[in-house]
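A.B. asks: Starting from the known structure of chain L, arrange chains R and F on it as the hints suggest.
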Amino acid sequence: MSDAPRIIRKKTGNFLEDFKPGQTFRHKGGKTITEGLFTVFTDFSMATNPLCKNARYARAYGYEGLVCPPGLVMLVAFSQTVEDISENARANLEYIDMQYGAPVYVGDTIEVETKVLGVRTSSSRPNLGIVHVQSIARKNVGQADEAIAMAWQRKVQVYKDDESIEVESFQLDPDPVDCDLWLPAYDASVDYKGLAHLSSPDSYFEDLEPGTRIEHSRGRTVTDEHIALTGILDNTSQVHCNQFMIDLAPDRYVGGQLIIFGGIPFVLCLGISGPDVGDNSLGDLIYTTGKHTAPLQAGDTVFAATEVLGKEDHPEREDLGIVKTRLLGHKFVRDEGAEHDDAPAGWKKVTIFDLERALVVKRRSHYA
Amino acid sequence: MSDAPRIIRKKTGNFLEDFKPGQTFRHKGGKTITEGLFTVFTDFSMATNPLCKNARYARAYGYEGLVCPPGLVMLVAFSQTVEDISENARANLEYIDMQYGAPVYVGDTIEVETKVLGVRTSSSRPNLGIVHVQSIARKNVGQADEAIAMAWQRKVQVYKDDESIEVESFQLDPDPVDCDLWLPAYDASVDYKGLAHLSSPDSYFEDLEPGTRIEHSRGRTVTDEHIALTGILDNTSQVHCNQFMIDLAPDRYVGGQLIIFGGIPFVLCLGISGPDVGDNSLGDLIYTTGKHTAPLQAGDTVFAATEVLGKEDHPEREDLGIVKTRLLGHKFVRDEGAEHDDAPAGWKKVTIFDLERALVVKRRSHYA
Amino acid sequence: MSDAPRIIRKKTGNFLEDFKPGQTFRHKGGKTITEGLFTVFTDFSMATNPLCKNARYARAYGYEGLVCPPGLVMLVAFSQTVEDISENARANLEYIDMQYGAPVYVGDTIEVETKVLGVRTSSSRPNLGIVHVQSIARKNVGQADEAIAMAWQRKVQVYKDDESIEVESFQLDPDPVDCDLWLPAYDASVDYKGLAHLSSPDSYFEDLEPGTRIEHSRGRTVTDEHIALTGILDNTSQVHCNQFMIDLAPDRYVGGQLIIFGGIPFVLCLGISGPDVGDNSLGDLIYTTGKHTAPLQAGDTVFAATEVLGKEDHPEREDLGIVKTRLLGHKFVRDEGAEHDDAPAGWKKVTIFDLERALVVKRRSHYA
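In order, the protein sequence lines correspond to chains L, R and F. Counting in my numbering, the final residue of the first sequence is number 368, and the numbers go up one at a time with none missing. Counting in my numbering, the final residue of the second sequence is number 368, and the numbers go up one at a time with none missing. Counting in my numbering, the final residue of the third sequence is number 368, and the numbers go up one at a time with none missing.
Chain L with its partners taken away, still in its complex shape (with noise of 0.2 Å):
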């Protein structure tokens, strides 16, 4: 070949001139769940629930095997969505009405779609835009199981390519989405009380009280494993795993570090409440809206607290309810010499992330 070969450089990911209203991503690749996926990541974010730690638990309460956590679940299918998306993002706005859908188990393969419903400008951040778009992720497509997993917008800051091209905001309705949580039929003849030490005990539908702040007693310290984390979910964000991109410009970045997937916090809040709120669930219903608050960095560690909001029957099934909480993650970051009521003295509380989150829980009286 010549000495000067011809230069290609190619871009990864959208800018804000390239969404336009209604365009449809199919994403690439696609992601089958295999036992390393599943059980790197469930540990790693401290889920407790049984039925994604204990697999005789899980099939006798109906379930194929091992099933993938609601954190695991939504971090493969969103990352699904991040070259097209967000790869050029400069941060994630909003989750809005997160649904779950069909049980994932290893195996299976999700891949998602999106699409674009809006795009907003500023008059004071021209190079900034905000972009609305809704997906959703499906599982085995053309098999006998294909079925939704999960649905859900979200609305994130995109960075533009060329800060000279105008853009135009747009806002469509999102589409109605059919995305139920799947659940397995009660079955009288199961001994679900021999089963029943193995989740906690404290957690049912009854023990629950609106009006109830839960502080969970576990901190994680996370470590710039979130690199690997992060990479293991094909989020292919540089802002999360370039230090040398940070370096070039390390004011651009908190601490000129990198910034941790907000998927991290996200499920390792969900974790951590698990003891004390998820482990008596039978899935998650919805996330009505949800933030991240702060980032998060290597060193940093994650806690998380539960308000119970509110407390309504199932509309169908006798043996279960519907909790409404709010999720709370927080870490501490010093603050030499300051007093604050929710800290220990010389730190203050920070909140790094806020999820409205609807669980479906057991009842006691059927299943303990």
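Quick caveat, the hints were computed from the structure, so don't treat them as lab data. All values reported here derive from a predicted model rather than from experimental measurement. Glycine included, C-beta positions come from ideal geometry on N, C-alpha and C. Hints should not be assumed to be uniformly reliable.
Stated by the list, open to error - List of simulated lysine-lysine pairs, DSS-like, C-alpha gap at most 30 Å:
(1) Lys311(L) to Lys11(R)
(2) Lys160(R) to Lys348(L)
(3) Lys324(F) to Lys311(F)
(4) Lys10(R) to Lys311(L)
(5) Lys193(F) to Lys115(L)
(6) Lys10(R) to Lys348(L)
(7) Lys324(R) to Lys155(R)
(8) Lys10(L) to Lys291(F)
(9) Lys10(R) to Lys291(L)
(10) Lys291(R) to Lys155(R)
(11) Lys115(F) to Lys10(L)
(12) Lys291(F) to Lys11(L)
(13) Lys193(R) to Lys10(F)
As the list claims (entries may be wrong) - If the Cβ cut is set under 7 Å, some of the chain R residues that face chain L in the computed set are:
(14) Ala4
(15) Arg6
(16) Ile8
(17) Thr34
(18) Asn88
(19) Arg90
(20) Leu93
(21) Ser124
(22) Gly231
(23) Cys241
(24) Asn242
(25) Gln243
(26) Phe244
(27) Glu307
C.D. replies: Showing chains R and F alone in chain L's frame:
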């Protein structure tokens, strides 16, 4: 919800005053061994026995497939007991009569129960006491292949929650346990010699000489990966994963750092000893006693040595023998200016682990 | 036992004086590819070809399931040879005629043997010499689907154990090897076009133009995760995992740090090139030559570029073509005050990896 929800702070784990004579814990969770857990842990541990590496070798020997190495079985089983027994512990003092039973395969589910045998208080340290427990790990409870996979006792130093509570000492005898190492039959029709190149050539029963000490050649630096490795085992002890807790009281913890879960050097020492001692073993029979003698922290490099204490015929199998060893783990710490016989100049050797270990080892006469 | 046991210090691996002409090593261990290894390594490597991500895609193409990407096959096979060939090496000098054969799936067991082709001593460095070997990796030895998965030669610089021993140079010809890349048949009844959205749209045979150089957009910072990644491959070389050994003689090692196993940047470069070059490949045919040109250490960020050297028709398949490329890996190091054309101000680009790589690539005319 109201602006001021009622706060619930959940305690996890038991404190010294909670342990009652003969009390039995059926631990939560249970754990199905996936290929993810199997590989991450087995390969981390540097285990080399082809039974846990090479499925065709394991099947030829009469196992169903890849066999979990003893260290993995031990850590999965042990970790199931952490929340109830040692979440609030200061230190694990001793492993006693740790016995292996049925082989554990990928897909098996481990569930554990623990009986409280004793509590011993100390007048000199009124906020602490020693709890003595006996645990049994079963695989595949309720299924046709249900079997005891492990049984052991341990002593652990546990904090009181309320120092003002008087705790009385007690001691029960351990229960007899029916836990015998399963061994595949010797099958003269199998071409064992045709597989012999896959294990080390000099670690047969005939090779291991009482009165020798084998300094295993390899070392392994442990990084902050230990946090994730401990988490993947569902070990919830905060001292291994919550740096913020340590930052609040750094003087309570060595070097103000997270302490590496003892199970990590335990399996590393087993693994490092593999090529010289374990490659031609069909299983570990019993660890009569074992102790962690110094803490390990991220950045330390683990080494190991094996003293061959004795050998004896296997009571029922002429193709096998029993080798009694002492497995020692060590690390080196800086000791500027000092000279020690057993360490490079300027360094001091520190024993971190000490285990009395009996293995069942193949005879070359039958296998190579 | 006595207070003063006899000490045995085992050596592992061979030294320059141990290699004899034509000597063959049947390497220990073997390795079954689990879903844990598959996922941890494949996803770490940033591989994007749906054949290794999406089981329904792989099956539609005629594979049995998820296909191990070439980098994983290579590293598993290569690492099997480390103890015997390069545990006591200073550096791996060259990969030669690395060819792929049968596809490797989860569940397959890889076993490797290596023949010594040559030794070359050096008068200027009497303590070192170059060992030239030829290795063959088979899958599922003794089973119905036994096949050659890979074959390659390499040259490696190995230390003498005893400098006073004279070593004579020798050189044998490599054996002919029957290692042909298995390709699934083109099946006109398969709806390939219906799957085309799952791979990148612009990396077909028609798209790759000789005389171009594609600068792949992504970078990946490697952390001390490299220690565990190398361990998961059963690569036992101490220079990758034993920091104490390096602390004893920091001047012998770059920066007094662990050196990252060359296999790590090797697979990362393959992965980073994926969306632009590998997404529509049915396999890597041969790496005629490859070299690591600079060491990599924790904290470095890996980038890659591909020069398209040439294209040719596939001799037997009109749906496929062969693309000859040069895959280059690089990193940037600080060079304060300097200006280089190919690096940001204050930085210098350092080539770390250089591989002549031929791929079999699908034609858009047949697949999209």
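A.B. asks: Which hint numbers does the structure go against, in order from smallest to largest?
C.D. replies: 11, 14, 18, 19, 20, 21 and 27
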